[in-house]
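Since the structure of chain A is already known, use the hints to place chain B on it.
Same order as they appear, the protein sequences are chains A and B.
So the first sequence is numbered by the UniProt record's numbering: it starts at 1 and just counts up by one.
So the second sequence is numbered by the UniProt record's numbering: it starts at 1 and just counts up by one.
One should not assume that every hint holds.
[Said to hold, decoys possible] Here are some of the chain B residues that sit facing chain A, going by a computed Cβ distance under 10 Å:
id, residue
1, Leu18
2, Val230
3, Thr295
4, Gln298
[As the list claims (entries may be wrong)] DSS-like mimics (lysine-lysine), calculated; alpha carbons at most 25 Å apart, straight line:
id, chain 1, residue 1, chain 2, residue 2
5, B, Lys38, A, Lys203
6, A, Lys163, B, Lys38
7, A, Lys150, B, Lys38
8, A, Lys38, B, Lys38
9, A, Lys137, A, Lys203
10, A, Lys38, B, Lys140
11, A, Lys38, B, Lys104
12, A, Lys38, B, Lys150
13, B, Lys29, A, Lys140
14, B, Lys90, B, Lys38
15, B, Lys150, A, Lys150
16, B, Lys297, A, Lys137
17, B, Lys90, A, Lys150
18, B, Lys203, A, Lys38
19, B, Lys104, B, Lys116
20, B, Lys150, B, Lys104
21, B, Lys90, A, Lys90
22, B, Lys38, A, Lys90
23, B, Lys203, B, Lys90
The set of hints was computed from the structure by calculation and includes no laboratory data.
Quick caveat, the model's predicted, so the values are computed rather than measured.
Beta carbons are placed, not taken as given, at the ideal position from N, Cα and C, and that holds for glycine.
Number of protein chains: 2
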Amino acid sequence: MDTPSERFTLAHGSGGELSNQLLEGSVFKLLHNEFLQKRHDGAVFELSGRLAFTTDSYVVSPLFFPGGNIGDLAVNGTVNDLAMCGAIPKYLSLSFILEEGFSKEEFTTILSTIRKAADAAGVLVVTGDTKVVERGKGDKLFINTSGIGKVHPKAAIDADNIKIGDKIIISGPVASHGMAIMSVRQGLEFESQIESDTVCVHKQVLELLDEFGTDIHFLRDPTRGGVATVLNELARQTQLGMAIAEQQIPVDAQVQAACEMLGLDPLYVANEGIFIALVDAGVSENVLKTLHKATSKQLAAIIGTVVAEHPGQVVMQTEIGGRRVVPMPSGEQLPRIC
Amino acid sequence: MDTPSERFTLAHGSGGELSNQLLEGSVFKLLHNEFLQKRHDGAVFELSGRLAFTTDSYVVSPLFFPGGNIGDLAVNGTVNDLAMCGAIPKYLSLSFILEEGFSKEEFTTILSTIRKAADAAGVLVVTGDTKVVERGKGDKLFINTSGIGKVHPKAAIDADNIKIGDKIIISGPVASHGMAIMSVRQGLEFESQIESDTVCVHKQVLELLDEFGTDIHFLRDPTRGGVATVLNELARQTQLGMAIAEQQIPVDAQVQAACEMLGLDPLYVANEGIFIALVDAGVSENVLKTLHKATSKQLAAIIGTVVAEHPGQVVMQTEIGGRRVVPMPSGEQLPRIC
Numbered sequence: 001m002d003t004p005s006e007r008f009t010l011a012h013g014s015g016g017e018l019s020n021q022l023l024e025g026s027v028f029k030l031l032h033n034e035f036l037q038k039r040h041d042g043a044v045f046e047l048s049g050r051l052a053f054t055t056d057s058y059v060v061s062p063l064f065f066p067g068g069n070i071g072d073l074a075v076n077g078t079v080n081d082l083a084m085c086g087a088i089p090k091y092l093s094l095s096f097i098l099e100e101g102f103s104k105e106e107f108t109t110i111l112s113t114i115r116k117a118a119d120a121a122g123v124l125v126v127t128g129d130t131k132v133v134e135r136g137k138g139d140k141l142f143i144n145t146s147g148i149g150k151v152h153p154k155a156a157i158d159a160d161n162i163k164i165g166d167k168i169i170i171s172g173p174v175a176s177h178g179m180a181i182m183s184v185r186q187g188l189e190f191e192s193q194i195e196s197d198t199v200c201v202h203k204q205v206l207e208l209l210d211e212f213g214t215d216i217h218f219l220r221d222p223t224r225g226g227v228a229t230v231l232n233e234l235a236r237q238t239q240l241g242m243a244i245a246e247q248q249i250p251v252d253a254q255v256q257a258a259c260e261m262l263g264l265d266p267l268y269v270a271n272e273g274i275f276i277a278l279v280d281a282g283v284s285e286n287v288l289k290t291l292h293k294a295t296s297k298q299l300a301a302i303i304g305t306v307v308a309e310h311p312g313q314v315v316m317q318t319e320i321g322g323r324r325v326v327p328m329p330s331g332e333q334l335p336r337i338c
Numbered sequence: 001m002d003t004p005s006e007r008f009t010l011a012h013g014s015g016g017e018l019s020n021q022l023l024e025g026s027v028f029k030l031l032h033n034e035f036l037q038k039r040h041d042g043a044v045f046e047l048s049g050r051l052a053f054t055t056d057s058y059v060v061s062p063l064f065f066p067g068g069n070i071g072d073l074a075v076n077g078t079v080n081d082l083a084m085c086g087a088i089p090k091y092l093s094l095s096f097i098l099e100e101g102f103s104k105e106e107f108t109t110i111l112s113t114i115r116k117a118a119d120a121a122g123v124l125v126v127t128g129d130t131k132v133v134e135r136g137k138g139d140k141l142f143i144n145t146s147g148i149g150k151v152h153p154k155a156a157i158d159a160d161n162i163k164i165g166d167k168i169i170i171s172g173p174v175a176s177h178g179m180a181i182m183s184v185r186q187g188l189e190f191e192s193q194i195e196s197d198t199v200c201v202h203k204q205v206l207e208l209l210d211e212f213g214t215d216i217h218f219l220r221d222p223t224r225g226g227v228a229t230v231l232n233e234l235a236r237q238t239q240l241g242m243a244i245a246e247q248q249i250p251v252d253a254q255v256q257a258a259c260e261m262l263g264l265d266p267l268y269v270a271n272e273g274i275f276i277a278l279v280d281a282g283v284s285e286n287v288l289k290t291l292h293k294a295t296s297k298q299l300a301a302i303i304g305t306v307v308a309e310h311p312g313q314v315v316m317q318t319e320i321g322g323r324r325v326v327p328m329p330s331g332e333q334l335p336r337i338c
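Here chain A stands alone, though its shape is the one from the complex (with noise of 0.2 Å):
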C-alpha cells in the first residue's frame, strides 16, 4: 500500500512548500537544463525567422498502454503538429493538471518517459506548471504541453496550396494508436500485443522538405478521428474531392482483426505516429520511395488523389470494386484516446 505522503495532495498546487519540493525533488532534477534551471515565470531564447507554435492538451485513458504513456504521447503529439507545420520543433512547456491522490510513482515514471521523448525528439521542456484539483474533478492527470519550432526554410505547407492531381500519402499503417488503447480498456488479448504508435515523425517530414521543398502542399496527422477525418476536413475546406483506394491503405492484420471484432473501421481510428502529406503529383513516387528508406517496412502508401469531382468530399474505392462516401463522424468512437 501507498502511504499518504507517496501520493498528491492539494498542497502540491499551492505554490508553498510542498509545490517547490515537488519541483525541486522530481520536475526539474528530471528535466534539467539551462533554461528551467532559471525557475522563472517563462524562458527566454534566442530564435529568428518564421517560427510554428501549437498547443495539445492530453487526457487519455488509461494514463499507461501498450507503446507508450501520456508523458511521450504528449512530446511526441505536439513535436508532430510542429512537423506538420513544416517546423524543426525547438522547446516545449509542460503543464500539468494532478489530481490530488494520483501516485508520485506513477508521476515519476511519466516524467522519465517525458524526458526519454524530449531527447529523442531533440526538443527541450523549458517552461511549465503545476496544478492540483480536488478528489473526483480530474482523473490522475492531464498534461499541456505547447511547442515552438522553426520553419524549414523551403518549406510552404498551406491548405491553400493543395491542388487537383496531388498524391495523397500515409507514411505508415493506420489506426495502431487507437486499438493499442482499446485493447487495454476492453482487455481483448491478441497472438501479440497491439502497440501504440507513438513516436515522433518531424525526421522524416524534415527529410522530405529537404528533397521536395514546395511541392509538399501539405501535412496533417491523423490523430483524433483517424484518416477519414482529417481528409473530410480538407475536402470542405477546399472544396476539392478526396477520392482513395481501399486496398492502398495500410492497415496491420491484427490491428485489422481487433477493429473488426470491435466494430471500428480503422479510418476513423487514432494515429499518434503517421503523417498524411498531400504532395505534387509528380513527386509522388519518390517521396515514397524517401519514406520506404526511412524503415525497413516501408509501409507509406500513395492511398488516393485530389480530384475535381464531388468536391468537399471523401469517396472511397472499395476492396470489392464499389465506391462510397466516407463520412465526417458524427459522433463519438473512441473518447479520451489521447
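Relative to chain A, chain B alone:
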C-alpha cells in the same frame, strides 16, 4: 432548464462533426483572426530576436467571480508571465479541457471574455485545442494558455542580477484576487464587493523597461502563494535576505477586513494584477513615480530591501515595531485560486 443540446457531450471532443461545429460555431467565430483562419495544427508567424515563452493551466473554482472569470484570468495570467520576463506579449495558444455536461452558454461567455482580454492586452490567440472528458472526470472547464513574446531590448530580468541594496517594489495592493474568490466560496458579503484584480500589467512593465532598462533587476507576479511565497523563493534562490516593512504593504481596507474574518494573512493570498519589481536602489524613487503616474490611485509602494542579513529568509518589520520571519507556506491556504 437547459436542453441537452446546450451542454457539451463527449462527441464535442471527438474530432468529428460535433467538434467541427463547436469550433466553427463558436471558437473560431469569436476569436477570428488570420492564423486561426488556416485551421491548421499550429500557427506560423515571423518573429525574431530574444523571445519569451511561458505556460499556465487555469483551474480556478468557481469559474465566474467578482471582477472576472477563468477567461480573462487565463489571458491576463499568461500575458503577465511574459511581462515578468521583460517581454512584449504577442501570441497565445488556448487549450480547453471541458467536462461533459458543461453549459455551452457559459462557455460562450468565457470565450467572449477571452476575446476582450486578448484585445485589451494586444495579443492574438493563434492556435488551440479542445478536449472533453466524462462527467466527474473534470470540473466544468480547465484552460491552458501558453504565450510567446518578444523581449524588450533593454530588459535583463534575471534572479542573478538581484543584489544587496535593491529595493523591493510592489505595483499595487495585495490579496484582492484571492479574497474575491474566497468571498464567493464562503458567501461573504461586504459593504461593497471585493473584486479580483485580474488585469494585464505588461504596459506598466514595458514603461519601466523603457525608462530604467537594466536597473530593473527582477520581476515576478505574486499569484499562487502571494507575496510571501515569491519573496521566499527569491531569498532561497539568491541566498540573500529580503527585509520588508509591514506598514508599507498596500492592502485595501475591505480586503484586510475579509482576511481577518477568515484568518488569512494577505501576504499569502493570490494576486492577478500586480507585480513585484526588484530594482536598483538609485532608481527606486523614480520607478515609484512612474508607477504612480499610471494610475490615479498611486498605490505602488517600496516595501523593502534586499539585505546581506538572514540569507535565504524573508524578515518583516511589524507595525508594532517587532521583527518576524515570514516563512514559506507549507500547506494549502486557498486551493484552485487560479
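Cross-check of the supplied hints:
Contact between Leu18 (chain B) and chain A, as hinted, is supported at the beta carbon level, the nearest pair being about 7 Å apart and thus within 10 Å. For Val230 (chain B), the interface hint holds, the least distance from its beta-carbon to any beta-carbon of chain A being 9 Å, beneath 10 Å. Annotation: Thr295 (chain B) was flagged as interfacial toward chain A, and the flag is violated, the nearest CB pair being 23 Å apart, outside 10 Å. Checking Gln298 (chain B) against chain A by beta carbon gives a least distance of about 26 Å; that is not within 10 Å, so the hint is violated.
The suggested pairing of Lys38 (chain B) with Lys203 (chain A) holds, with an alpha-carbon distance near 24 Å, which does not exceed 25 Å. For the hint linking Lys163 (chain A) to Lys38 (chain B), the alpha-carbon distance of about 16 Å falls within 25 Å, and the restraint holds. Taken as a hint, the Lys150 (chain A) and Lys38 (chain B) pair is honoured in the structure, with Cα atoms around 18 Å apart against an allowance of 25 Å. Simply put, Lys38 (chain A) and Lys38 (chain B) have alpha-carbon atoms about 35 Å apart, too far for the 25 Å limit, and the pair is violated.
Between Lys137 (chain A) and Lys203 (chain A), the direct Cα distance comes to roughly 39 Å. Violation of the 25 Å bound is thereby established for this hinted pair. The hinted pair formed by Lys38 (chain A) and Lys140 (chain B) fails the criterion: a straight-line CA distance of about 34 Å is larger than 25 Å. Distance check on the hinted pair: Lys38 (chain A) and Lys104 (chain B) sit about 40 Å apart at the alpha-carbon level, beyond 25 Å; violated. Between the alpha carbons of Lys38 (chain A) and Lys150 (chain B) the distance comes to roughly 18 Å, so the proposed pair stays at or under 25 Å and holds.
For a cut-off of 25 Å, the pair hint linking Lys29 (chain B) to Lys140 (chain A) is broken: about 33 Å separates their Cα positions. Pair hint Lys90 (chain B) plus Lys38 (chain B) holds up; C-alpha atoms about 18 Å apart against a cutoff of 25 Å. A threshold of 25 Å between alpha carbons decides the hint, and for Lys150 (chain B) with Lys150 (chain A) the separation of about 15 Å falls inside it, so the pair holds. This hinted pair does not check out: Lys297 (chain B) and Lys137 (chain A) have alpha carbons roughly 40 Å apart, beyond 25 Å.
Taken as a hint, the Lys90 (chain B) and Lys150 (chain A) pair is honoured in the structure, with Cα atoms around 17 Å apart against an allowance of 25 Å. A distance of roughly 24 Å separates the Cα atoms of Lys203 (chain B) and Lys38 (chain A); the hinted pair therefore holds under the 25 Å criterion. For the given pair, Lys104 (chain B) sits about 18 Å from Lys116 (chain B) by alpha-carbon distance, which is consistent with the 25 Å threshold. Between Lys150 (chain B) and Lys104 (chain B), the direct Cα distance comes to roughly 35 Å. Violation of the 25 Å bound is thereby established for this hinted pair.
Distance restraint check for Lys90 (chain B) and Lys90 (chain A): the Cα-Cα separation of roughly 19 Å lies within the 25 Å cut-off, and the hinted pair is therefore satisfied. For a cut-off of 25 Å, the pair hint linking Lys38 (chain B) to Lys90 (chain A) stands: about 22 Å separates their Cα positions. A distance of roughly 13 Å separates the Cα atoms of Lys203 (chain B) and Lys90 (chain B); the hinted pair therefore holds under the 25 Å criterion.
In summary, the numbered hints that this structure violates are 3, 4, 8, 9, 10, 11, 13, 16, 20.
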